[in-house]
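2 protein chains.
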Amino acid sequence: MNQKIQEKLNEVREHVSKIEELDRLSALVYWDMKICMPKKALEQRANTLAYITGESFKLTTGEEVKEFINYFNPIINELSIVDKAMMRNLKKNYEETKKIPEKIHKQYSIVTSLSEAAWEEAREKNDFSIFKPHLEKVVAFQREFVEYLGYKENKYDALLGKFEEGITVKKLDKIFGELKEGILNILEYIKKSNKKINREFLNAKFDIKKQKEISLYLLDKIKFDMDAGRLDETTHPFTTNFGNKDVRITTHYFERDLLSNIYSIIHEGGHGLYELHIPDNLLGTGLAIGASMGIHESQSRFYENIIGRSKEFIKVILPFIKEKFSNLEDVTLDEFYSAVNYVEPSLIRTEADELTYSLHVIIRYEIEKELINGDIEVKDLPKVWKEKYIEYLGVEPKTDNEGILQDMHWSDGSFGYFPSYALGNIYGGQFLNKLMQDNENAINNLEDGDMSYINEWLSNNIHKYGGIYTPEELVKKVTSEELSTKYFLNYLENKYKQIY
Amino acid sequence: MNQKIQEKLNEVREHVSKIEELDRLSALVYWDMKICMPKKALEQRANTLAYITGESFKLTTGEEVKEFINYFNPIINELSIVDKAMMRNLKKNYEETKKIPEKIHKQYSIVTSLSEAAWEEAREKNDFSIFKPHLEKVVAFQREFVEYLGYKENKYDALLGKFEEGITVKKLDKIFGELKEGILNILEYIKKSNKKINREFLNAKFDIKKQKEISLYLLDKIKFDMDAGRLDETTHPFTTNFGNKDVRITTHYFERDLLSNIYSIIHEGGHGLYELHIPDNLLGTGLAIGASMGIHESQSRFYENIIGRSKEFIKVILPFIKEKFSNLEDVTLDEFYSAVNYVEPSLIRTEADELTYSLHVIIRYEIEKELINGDIEVKDLPKVWKEKYIEYLGVEPKTDNEGILQDMHWSDGSFGYFPSYALGNIYGGQFLNKLMQDNENAINNLEDGDMSYINEWLSNNIHKYGGIYTPEELVKKVTSEELSTKYFLNYLENKYKQIY
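Protein chains in written order, with the numbering used here: chain W, 413 to 912; chain F, 413 to 912.
In short, the hints are calculated from the structure, not lab data. Worth double-checking, as some hints may not be accurate.
Unchecked claim - In silico lysine-lysine, BS3-like type, Cα no more than 25 Å apart, as pairs:
id : chain 1 : residue 1 : chain 2 : residue 2
1  : F       : Lys800    : F       : Lys810
2  : W       : Lys798    : W       : Lys603
3  : F       : Lys430    : W       : Lys470
4  : W       : Lys511    : W       : Lys430
5  : W       : Lys635    : F       : Lys452
6  : W       : Lys549    : W       : Lys791
7  : F       : Lys515    : F       : Lys430
8  : F       : Lys452    : W       : Lys624
9  : W       : Lys451    : F       : Lys633
10 : F       : Lys420    : W       : Lys515
Let the sequences and hints guide you as you build the complete structure.
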């Protein structure tokens, strides 16, 4: 590569580094808002965020970006894989951000901040009618965005693509159709099973201080580096990061629920390991991120469910848990394993078991699709929600909090995001299949208590690529196959037919 | 004011708001580094700070600022007090920042970050020779800055003015001369006194958890609003803020030292109250700050010493302290009051008593003055330091940590900062005199346990003006007099002749 091109690349990297710094600042400000900020600072903090967003918008859509794109367009194939991906990413963000006028962006940010507050109030009062007028505005904006963003076959495609490049309604209808059928079949099998799973021993008080010791033990087990990360408490657990050397996760503790913290820790720890394993050479390229929301979720759910709810892993951690809680002394490995994998269709997504979880997501996918296409309206939501929960899960929400108000995603306008959760499950199953092809003892060997092999496999096959590949490309690269529900469904069937 | 001028003012405010947001982000990043950041993130965090500094430099020295200055210069007296001060401040920062070339700024920021690390290593090893070559570089830069910044009478004036507008060597030589003489006289008196102060009861273990309860109690007593602030722990206590609704202080706890936390809390709480009392109308003008470092220190030391070490305040808090620590049950008010005001010349500035504290500062002032003027060199520092400590305080440092290495200020290039500490004492004494003129019972009434009157007096006379006035102007405005050491020395003399 000649010197002139190299110099231009350096210019791009310098520009991208600035966007990256703004992303980090934004993440830090959000984290601080959730963990540290005193409550009276909310309004001033909103100004700070607006400043960051404005600067980021300028850098993402600036004339210099257009110039970079035009410069490299004719010679794009001369670039390294990383630089090529950096340019693709820069271009994608430029075009997508440009499509929606800044004025609309600004109006929308006011609408969503009011809508988030309204959702919180509605939650407190368990009353959808408080949230309804705000959600109507958010949906109106989303429908407008769809027109700005453009779409080929289905309006909802425009929103799906924001979170999962390459994913469309056409693909999801097929994939989620298969997934739904497969899960419902397994659920049918379980319903007919006579196996009684004992969960009595979980119905006790579990001292929070001891639960905290378990958190640190688990993070150590999965090799989450606490010198490059930290753990805090929030109502809703989440993961954020500022570069690959500062990855922060949160969890929550309930005295009456031992498992909630355990699986939050492993789930968020999985997100965290992804970010910790991003290599340094991707810093300053805009690619020091996960491949997509769905791929990110595949990693957290891989750690949470495929590893965390495996008999092998539980065999390792159970003695430590028993040491902390003597009331569990007589619980056998099989009993504990069955209890953490107990299946029961329920109303709340975040509390769902591994099997029925995806059904909650599919319900939301179907509702969003109809809503964005104008086939239903916000006023119809409680009714549609109830019908689908009865149909798919056989349960009926009695209050708004048990139903339509349970997730905050719509309040901040994250339409198109939900499918990532179920896609994560599907990706995870497919990655597991490849892992087992590479080493059929990978999961069995977990009972030795050493995560190194699996951590390295995921790191070398997925994490180290950061955002270089689209999710489609990455799945192909890792598994040499297109996305398929087969492996995840096989995994579920094997697991649950063994348990029940 | 015509519409066009108003529009231009709005432009200025929008510009200044951005600088303010960057300041807030910088403060947040620093706070997070000290309190939350995992250690491996240090290098990446330095990049984030460099980004913020660079953006702030651009906004402070941009062409648009020059244009604003030129626009308002001819009509400056038509502006409101606030807008006029905003323009003065903008101009001052523009000119000062412009004076030093950006290249030098960048080189210097590398030098100081290495120098800070070297100071820490030197502290660990108690060895000045590790820090010496770095300090030499920092001093060389400071001497260069002096030439860029310009000065009339004394090179050191250029650095003093950065922290305390209007303060010069000529003024300080006089003021600090008086202060030194006055303090030495009182010290002489104390040495001759036969009064024996009992501090035995402080020589005990004080449970940290109970000390923490005392912290919250004290913050509540001085009316520090915990809904607009927070308290954390660091080795060296400090205060920072992001606007006037998010003010964060830190303290430290020692099991063997009950007083250290108590007076750190009141000191930092004083800084914090200043920021909490800044009115909303100064946000976005660049004036939502203290008038100067010295004025800020006057407030923290007012709360710490004039209030916090007064018999009236101690009368209020002692019962709570005794409730926590039963070993203090038999200590009388007089005994506790005398113990917290015990005078003993010592080696470490931050542990000095109220009386001898200023001597530590004067020593540093004299050393900096000679160093910047080239009258002494870095290699002479340990010797000069030792001589002055023997001369002024009658104590001799046996190790570098007890002497030349105790403060971090020189490692980050804060030359010209130390005098603010002693100026703070002098301002405080002068404010106290005016307070007592307004209400001779202001301090006596503290024994009712209500800080409202004093808080409001300081707020209305000092805090509410933020950075509108220079320290000189503010002192004049509040007290109708020029800066004078008389009142602080009177206060000290009355207090210590009563105790001893």
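request  = Tell me, in ascending order, the numbers of any earlier hints that this structure violates.
outcome  = none
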